[in-house]
Structure formats: structure tokens, C-alpha cells
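J.: Sequence:
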Amino acid sequence: MKIWLRPLPFALLAAYGLSRLGRAPVDDAAPSRSAALCTTLAEVRGVTCDAADVVWLDGPSGVLGAIGGKARALVRGRERSQTTSDPNSGAPADPDTLDLFSVTTRLSPEGHLLDVGDAHNLTRSTGADEGLPVTDASSSRVAYLVEVDGHPEAVHVLDLAGHDRHAYDELTKLERFQVKIADLQATGQTRGVKKTVFTLVPPPRKASIAFLPGGMLEVKGIHGADDTSDVRVTTIDAAKGTVADADAANMRVTAEVVAKPPTFGPWMSDRLRAASWFGDEKNQVLKAVVFTTMEWVKGTKAQLTGDTGEEAAQEDLGSLPTSTPFPSNFTDPEIGWPPKPLVPMIKPAIAGEGQWIRLDDDPFITPIPGLPSPFVTTFVRSDPSAQHTRVYVTLWDPRLIALHMEAGTVEPVSATGAAGPGKIPRTPETIRRVVGGFNGGFQATHGEFGMQANGVLYLPPKPYAATVAELRDGTTAFAAWPKDQEVPEEILSFRQNMTFMVQNDKYNPWGRAWWGGVPPGWQDAIHTTRSGLCLTKEGFVAYLFGHDIGPEPLGRAMLAARCQVGMHLDMNPGLAGFEFYNMQSASTFKPLGRPLQKDWEHEGTVKDMPEFKFRSRRMTKSMGHILFPRYIQRDARDFFYLTARHVLPGEPIAPGAEWRVKGLPQHGYPYASAITSVTLPTAGERRVRVLRLDPRAVAIASDGPTGDGENAQTVAIFGRAPRAARGARGAREKSAPGDAGAPSVAPADAAKKLWLGQHIFTIDEPPTPNAVAITSVVQPSSSSAANARGAVGVSDEDGMLQWVELLPEDAPSAETSAAMLALLERIGCSSRGLLMGDLRAYLGGTLDIGGEPAAPAAVAVKLTRTPSPAAKQIFESTPIVPQAVWQPLQKQRVKWRPTLAPPEKPASSASSGPAPSTPSSPPPL
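Residue numbers (this note's numbering): 92 to 1016.
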């Protein structure tokens, strides 16, 4: 050996020794490097695995690799349960499920394991097992099956090269830095790991996966009773994250999205929580100290200055676009809105406290044509020891406003590893009706409380947890979840958070000691930003928000708002907030007429839908917010959003043709019917009467078309006009018996019918098997079209029935028939037809659709009032149990099972309801 090479072995040995300092011990006697890796992971990282569960991505790389190189391995293993930060809310790790870990190692030139570096859990699926990954030799992608109780549920594809380069396009430089730091903590590399989830629909009995030459991934699913029957093969383009069109029905694809990070405070809190040397408990202590200090400073200042919060409240609410309070005793007796004012809890009250402020002309809220705004807002003070603090309350009428929920792109991750879309559905029918959005509940790390969105179950429900849900008929529901209750099919979405804060006129009836924000053993009096949601005794829904408040002041505010049940939502500055939206077509967007106040107002174009623009504002001016406007964009965390329901009367169908709803037999609210009259310009300027009926508010009379059950409230009757009212000019056809006075028509002419079934009007095809045919309709080509005295259509957008009649003194003609059909086409009815004979509509059975007294000579079909979707409690029999009962159950991880999720099917609209138990056609008269 040359003299200058003699020190090299000693240098290598020294370098090796130095590199081993502080590193994990390695079992040199292990039979293989995979076995040695599993031994080290179990001893040092708390991850147990078998040698067969290790897939090496990198092999030995010579002497230099042995000194400073890295060899990566994917390890399928179980992580040891971690001690949670709080005994009331902690989310324990599940030792029974397998996760996938990325581990950095160092190998000798011969391939022996020298060191084990960092291990990062890439999956963290709470109720599923990750299968052994398969690798693509031509790329950096790997794939694996996700199974629940041994049954395959999804295929995940990971690209270890990191996110696509365009994934950061919407982020600022600071946001990109934040994302890279978060990815470094989560995956060990600043470029992160790209994950695409392919959910198997329906799940097969068995499945296998394999990469094909060229990087395509083949998924073979066995659906039959044996391994040779009903075998379905699906090919995934792993590079593009797509499946072939022919296979699209077999998979639901959840593509990776890099969401915008939160503002610095919440982001830093998440980073400290994720740091192994700091962790969640120390993070909770830090926040508790900070919030306690801030509380003391602000409280001392308020005491010294005598601050009652009045000036700040006026700044917040006096800045609203409409700040006119209702008279203190004003409630419309027909609709029960708005409710009476709130009674201030602290005396003397300050200006405006508890008085509802109308938002009728608010240019930041999508209006509902023909109706007053369904939103009011006010504030109350509920903390006698901090009278400068306020809880703001925004109340809405759930008969007019529907509540929905959406999972974020990061929180919560489903039990099978799939994340949510993180945005309001980008469909015109949804976007144009959005009116608001607000924060969801705690992160999964603080309790793993259940969530389902649009039929996709992300986290199973926890027993006795406070729950808000959207039912498939559009109803907003609140519940304390029963002990042994899986998700009923009627529930489309739900979100849980802790136990009810208010129930049965009591604060904290469940005896909860932890409401977030503090470590174990601390007295829970931390004052910070908090939010809540409740159902009031009048049946309205309220969002509550306050700065520098503890849990008890939030609960007192719920009691002041007359909440029958109330739940705590998310907390801390930057994480809680409420936004209003006014959505408009970009082509007709109306300017505000003044400069925007940029600190709490915004205008913009809807991402991915440039045909829509929006104007947005925060609920109050002082509402510190994250990424405003937040909920109209893609969000990393789950959230709620609000849409205006389809209700009557709607926009006028012509200038001057305002709808009339007052004085009609509505029997409830929202209105079931609306009437107007309009001129037919192409038919000699004749006027016609128009009736609109809301299918969500009516049903076929259950006791037969001519019955009048004891509790029936008749909205409309379709029947034959009295002989004296059968039109002028003597133009009459002889009626055929048995069809409400319609003349005889050829079978081909009467091929279509108007149907009502399960709160849906249709023409031609019945909407449900039990639908009832109301009448026959014909087209202009019919030989009897010239005799039509009316026409009918169903609105494409909202499903409303549009019923058009000639005036009694006018005679029918081919010209009037064509004009009535043209009117229906103009107001958006692609499904339409002509009415034959003297079948007319009678409101309540006592008024014609001109609003004049009239009654039918014979009844064909009677429609009675049914409750429209609103808000209510469900699972009301769930008892309030002691903390010793509910706490252990909520600490346990609820195993995700496919049976917990309802069968996948399109979500029904708010028009759905019970199927009528009536014959399929009206009996003869």
C-alpha cells in the first residue's frame, strides 16, 4: 500500500465511528438487513414490522454511500400507541392497523445495515391496513392496497419524487416556504410526497395490483364468490392519476392538492405539535400560557379604562352595509321571522345589545327574490368578569337556508387515507346559490370526532358526541349520537365535536372538563377566540363567535340566544370565522358603488368557474380571519357552507308581473304557491294566469283525491271547472268522463302525463314507482292542441311546477297554445306540454289562480301541505350520561367499517321525502 494511503482505513473507521454517534443501534447478528431494520425500528422508533414487510428503494452505493449516503426503505408496520395530550379528547393511535413508513438508512458496500435514520409515517390511516407496496421500476412511484378487516377498499399511488411543479402555482413565496417545512416534518423531504387515492366502487372481495411496462398500474378485483367469477380489471395511469373512461365507474379518484397553509400563528402551532422534541402537550402548555397572559393584559386594561365593549361593538356592527335594527316587538306572524330580541345578561345593557339587525339589502349576501333576508345578527355580553368581551350571533332561517359540510384537503383524512376536495362543489347550480361559509370543528388529532361529507365517511361517529348533520332531504339536524348507532342512510353529511355545550336549558349537562386549548390538569378558563353552532327553540340555526372568551361565556351566550342544543366548533385566532357571499354571473356583476374596505371586504372571480364573480365580507369587521376570503377557495380543513334553498316566489317572469303569495292558502312557510298574470305578446296581447307550486311543500292527499282528512291542509285542487265557467264564445268540446273534463284524444296524443312522486314533478316519465299521474299533456303537433286552455311545465333549475291558464272569457286557439308553450320555454321549462279540456287549478279548493273565489265541479287530484326541509333534532332519545360513561367511549378509536358508510348514490335534493302511498293515477270522477 502506498504510504499516503495507509491512514485511509483509520480515517474511514473514525468517520464510521463519528457517524454512529447518536445514531440508532443496529443488530449486526440479524439474518438480513430487513430484519435488522425491523429490530432497530421496534427498539428506537416504536414501530414493529416483519422482514417481509420491508421494500428497499435504494441499494448499496459503495464506499462513499457507506460514509454519507442514504438508502431509503418503505416499511409496513404498526406504530406503538402514543400518550395523548388530554384524557378527555385525545385520539389514541391504533396498534391494530398497519401504516407505511419511509425510513432513511445507511448501507455498507456489501449491503449490510449500518445506521437507521428518520422514520416518517406516510399514511396514518386510522382504521385500515396498508398492503405491501409494489414499485414501478421506471419511475419513483409506488402503489399499495388499503384494506379494512381484510377487504380491499382503495388503491393509493405515491410519487416519492414529490409534488408536481405546478402544485405550488397558487401559493406565495411565504406559503411555499410554509408548505415545504410542513412536508419536511411529515415526509422527511421538502418536496413532500404526492398521493393519489383510487377508491374502489364497489369494493371487491379480493384485489391485487401490479405495475405494467410503461408505468401503468393494473388493478384486478374479484367480486364473485370464487376467484374466477366476476373478475374486473382496471388500468390506472399512475403518472396522470387517472383511469380510463370505461373504468371510471369502478373508482372514485381523489387527486393530490397542495392547500394554502394557515397564517403564521396556527401554522407555527402545528409545526411545534409535529416536532418530536416538543409535541402536543408542550404546545398546549405554550398556548395556555400565552392566552392566559393576553387575557390578564386585556382584562386589566379594560378595568383601568372602564371599557364596556360598546365602542367596539358599534365599530363592528355599525360598519355593516345595513344596520337598521328591527322594532323590539316585531315578528311576522305568518312566517314567524325574525324571533324576538335576545335578553341582555349583563345590566345595564349597552346600545344595540340583543337587538336583531336586518340584513335585507346587504350587497354581500346572495338575495332570495321576493323574500326578506333569512339572516339577522346581534351580540350579547356573557362574561361578568370581562364585560368588554362580546359574543356575536348570526341567525338564519333553515327553511330558506341549507347547511352543508365539506372535508378539507388535509383535515380530516378518512380511515382509508383519502382526503376531501376542500372546496364547495364547482357546479353552477350550487355556486350561484352560495350565501355563506364558516369553520368546522377540531382537528382529528384532538379527538377524531366523526365526519361524513356527501356520503363519503371520513371518520366514524363517536358515541354521545355533539353532531350536526345534513339529511338527504335537505334538513339540518342536531343530535347527541347514540351509543351503538351506525350512520343511517338518511344522513348525507355530518360533523361531530366533543359533547353538547348546551342542552335542555343547561350549560355543560354532560360534565365535560376539557373544551380545548389547555393541557391536562389545567383549570379550563382559557380565554381565546371560540365559535359555536346551535339550534334555537324557535327552530332557527345560529353561529356564535367571540374573541377572548372561555367556554362558559360561549355557553351562556347560547342560552341567551335560546338554543335548545349547542355545540362548540373550532377555536383560536385565524381558525374560526364566518363569511357572507353574494354570487353573481360575471356578465351581469353589479358594482358595489363605493370602494371596498380591503380589511374585511373582497370581490373576485370563482376559481375554476370564471363565469361567476362574488362579493364577500366577514361577519363582523373585527373578525380576525385566515386566508380571507377562505371558504370560497380550496381549504385544508373541513368547513361548513350555506346555500339558499329553492323557494317561492322567485324572480318575476316579466316586468310588472310580481308574484303574489299573501292571502293564499299556504298553510306554512316557505310558501307552497305563488300566482301572477302576464301578457302573451304573440297571442293578441292576451293575458294568462300563472301558478307556481313548490313540490317540496306538497304531496298527493293520502286519503284520496276527494277526501278531506282531519288534519289535511289543502294547498291546491286540480279539477273540472263548473259548466258556467267553461270559457266564453261557446268554443267547447265535449268532455270525456274520468279525466277531469278533458276531451277525448287519440292515444298517441296522450302519451305523456304530469306526475308527482316523492316531492318531484315530472312530465312524461314518473319520478318514482309510486308517483301519481295528475293529468295528461299533449304537444303542439297534437290534433287537439288548438283546444288547449292551459299549459304546464317543470322548471329545469328548481323543479317548480309552472301552471298556465287562459282567462275564463278567452277561447283557446293554436296561437294561444303556441304562446303558452313559448312562455314556459322562456322561463326555463324544457319539459312542458299542453293541458286539455277544463282541468284547472284551485287554491285551497276555494280560489282560482287569479285569487278569486271559485270551486271545482269535480276533483281529480288534491295536493295537501307537507313540512318543507328546515332544522330539527334527531336521536332525541339519546340519554345524557355521566362523564364516566361517555368519556371512555369517546377515547376509544371507532373502527371504520364499510357498513358504516351508506350505499353510494347521488345525493337527493331537498325535494325528496316519503313516497306517497296513493294509486298511480287518480280515480274516475
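These aren't lab readings, by the way, just hints derived from the structure by calculation. Predicted, not measured: the structure shown is a model, and the values here were computed from it. Just so you know, not all the hints are guaranteed correct.
What the hints assert, rightly or not - DEER-style ranges, computed between Cβ atoms: (1) S476 with E749: 52 to 58 Å; (2) S231 with Q576: 42 to 48 Å; (3) K264 with E742: 44 to 50 Å; (4) D338 with D317: 20 to 26 Å; (5) T263 with Q675: 23 to 29 Å; (6) A677 with E309: 39 to 45 Å; (7) P871 with V324: 49 to 55 Å; (8) E520 with E402: 41 to 47 Å; (9) K264 with L148: 30 to 36 Å.
Stated by the list, open to error - Pairs of lysine to any residue, SDA-like flavour, derived with a Cα cap of 20 Å: (10) K681 with G715; (11) K331 with V225; (12) K431 with D451; (13) K597 with S464; (14) K351 with D451; (15) K681 with S464.
All residues carry an ideal CB built from backbone N, CA and C; glycine is no exception.
J.: Holds or violated: 30 to 36 Å for the Cβ distance of K264 and L148?
T.: Holds: the Cβ-Cβ distance is about 31 Å, inside 30 to 36 Å.
J.: Quick check: does the Cβ-Cβ distance between K264 and E742 fall within 44 to 50 Å?
T.: Between K264 and E742, where Cβ atoms are some 46 Å apart, the hint holds.
J.: Looking only at beta-carbon atoms, does the pair S476, E749 fall within the given range of 52 to 58 Å?
T.: 53 Å, holds
J.: Does K681 pair with G715 here, judged by a C-alpha cut-off of 20 Å?
T.: Given that 20 Å is the threshold and the Cα spacing comes to 27 Å, the pair is violated.
J.: Lying within 41 to 47 Å: is that true of the beta-carbon distance E520 to E402?
T.: Distance hint for E520, E402 holds at roughly 44 Å.
J.: Given the hint that K431 pairs with D451, does the C-alpha gap stay at or below 20 Å?
T.: 17 Å, holds
J.: Checking one constraint from the list: CA of K331 to CA of V225, max 20 Å. Satisfied?
T.: 18 Å, holds
J.: Does the Cβ distance between S231 and Q576 fall inside 42 to 48 Å?
T.: 44 Å, holds
J.: Are the Cα atoms of K681 and S464 separated by 20 Å or less?
T.: OK: K681 and S464 at ~19 Å, within 20 Å.
J.: For a C-alpha distance cap of 20 Å, please report whether K351 and D451 respect it.
T.: Not OK: K351 and D451 at ~34 Å, beyond 20 Å, violated.
J.: Taking the CB of D338 and the CB of D317, does the distance hold inside 20 to 26 Å?
T.: 23 Å, holds
J.: Could one say that the CB atoms of T263 and Q675 fall in the range 23 to 29 Å?
T.: Since T263 and Q675 have Cβ atoms about 28 Å apart, the given range 23 to 29 Å holds.
In this structure, the earlier hints numbered 10, 13, 14 are contradicted, and the remaining ones agree with it.
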